[in-house]
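Undergrad: Mapping of the first sequence onto numbering that gives the first Met the number 0: position 64 corresponds to residue 63, and the numbering continues sequentially without gaps.
What the hints contain is simulated information worked out from the structure, not anything from laboratory work.
Wrong hints could be hidden among the right ones.
Stated by the list, open to error - Below 25 Å or equal to it, Euclidean Cα-Cα: the simulated DMTMM-like pairs (lysine to aspartate or glutamate) are: (1) LYS325 - GLU380; (2) LYS543 - GLU510; (3) LYS420 - ASP383.
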Amino acid sequence: MRYSQLLIPTLREDPAEAEVASHRLMMRSGMIRKVAAGIYSTLPLGQRVIQKTKQIIREEMNRAGGQEVFLPFIQPAELWEESGRWEVYGKEMLRLRDRGDRQFCLGPTHEEVITDLVRSTVNSYRQLPINLYQIHIKFRDEIRPRFGMMRAREFIMKDAYSFDIDENGAEESYRKMYEAYSRIFSRLGLTFRAVEADTGPIGGNFSHEFMVLADTGEDIIVTCTGCDYAANTEKAEIAKPVVSDADPAKFQALKRVETPDMRTIEEVAGFLNVLPEDLIKTLVFTSSQGPVVALVRGDHDINEVKLRNYLKCDSLELAGEEVIEKITGAPRGFAGPIGMKNVRIIADYGLQGCCNMVTGGNERDVHVVNVNFGRDVSVDEFADLRSAQAGDSCPRCNKLLSTTRGIEVGHIFKLGTKYSKAMNCSYLDREGKAQPMIMGCYGIGVGRTVAAAIEQSHDENGIIFPEPIAPFSVIVVPVNTNDAVQMEIAVNLYNGLAAKGVDVLLDDRDERPGSKFKDADLIGVPLRVTVGKNAVEKKYLDIKERKGGEAQQVAIDDAVAVIERRLKQPEV
RNA sequence: CGGGGAGUAGCGCAGCCUGGUUAGCGCGCAUGCUUCGGGAGCAUGAGGCCGCGGGUUCGAAUCCCGCCUUCCCGACCA
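Turn these sequences into a full structure, and let the hints guide you.
TA: Written out as structure tokens, the structure is:
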């Protein structure tokens, strides 16, 4: 394509609204423009990248046996009432009415619609298993959309749904998707990791997130330095420490100290001149099972997901001021486990064996020091309640865990029968008996994947696209478009490459070379061919890789072959 | 929803505190000439509901009140 005819409105300066690299660069390179918060138009350059990404996803989904469908974006309330999610979903779902006052929503996800489709068209075990997928938009009215395409309200998603006759089949379907996802992200040229994830309220036995590794990622993932264990921090287990109870001989006398207005761990530790790890953090929660008190060491973080899973309760949240006062008799900041009655207390494993600790005194402006388990506090339950940190031990091999940041681009779930039971999606088995189908669902955020690719691969000059999703593979830059010889060489090369099926862009704009080089860098085209004086006088072209390195001089006649080889083996 | 910024030309910003000619600068855009291997030079020109509504005032981009939009942090999130 000719640059002069394309709409690529690059910006010289960073747009004020964009903070993170991918957002900034997608705006600057003219890939996207904002229409409203979390809602974007995709321009030709962005569309090319999106299409290439979609195509790779599509090919791998098809290879894995998926069948492409297209489900409605506007969905009737009845389906959601059937699954019970019309009430549950909350404000994230944008609801609307048609002229007949019937209720609809903009589809935030498609379990209901697909389940409805399958129940009405699939009746026999002979038709199973089946995997249906689509690639189109979703709308979730996020509380706070941010970072451009990374967390938009309207976004493109590939979502697939599998239906099986039994658990084994469902696990096989899941495994196929796991493999397909691994192939997809590899083909896209991304550095990624599949990690174990919490299944959340959706339930099911297992779930994996596919994370693109990037320092700016919103998620923290835990990986083992010794084995291949990797998990989201919400899920990451910590090996149960092997410790014996503290020696009572070391216990010092319990003492009450005044700590005026010292509420946080840091304040108390600083005030008493002790370390955060010498404190016991006492957290009061309200849950569907009533109030619960959780204890973790001062330098550890409570993991609400772990606590919720341990308690097996539906809801769990940090208690408000009122409940805290009722349970502890003191305002927030002075809670401690001593003397607490009629409330379930669970302590993290990290507290086992600790002695002479500091806790709140359950009284305004008072803490207690030299607190010891057994003597002062009796806790019946110890459990893994805290979030893993770098330096903790791996639950599988006991080696050290480390943490890294990632961007969640894919998530696969084994759903089980939640929707098939609620919506009566069943098949007849060999005995003619109706059985609920076992479902799985599998999502990939397409726009987020592109954003993640940019986040992972850019420099101060712009995007460095992996070749498979680059908007163009090669850009041919004639230095002076008014020079007929240069233009002829450039056009011939352009035609030669295009004839070989290479995605090539000819920068035929009558601009100064500096501007054209800057734009080429900004939009991230992997290979740049410069046609200048050297081409006219010495019959060679300069081929430069976007990711860096010296330009290579190639004879004009060899250029097409050399470029083809480079694209196949970008490492050369 | 809580906290903190910001809305002035397509983009980036100044002006506002201390009200007063015709609202300015850089980039971009248009035209012409000169240039042409990393965002050129000169000249001419187009482009503004100063976010919206109300108020104060002889007079409001500027002061006051209300609203809207948007960005960041937090809470939230298959």
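Undergrad: Confirm or reject each hint.
TA: Verification of the hints:
no.	hint	verdict
1	LYS325 - GLU380	holds, 22 Å
2	LYS543 - GLU510	holds, 20 Å
3	LYS420 - ASP383	violated, 33 Å
The earlier numbered hint that this structure contradicts is number 3, and it is the only one.
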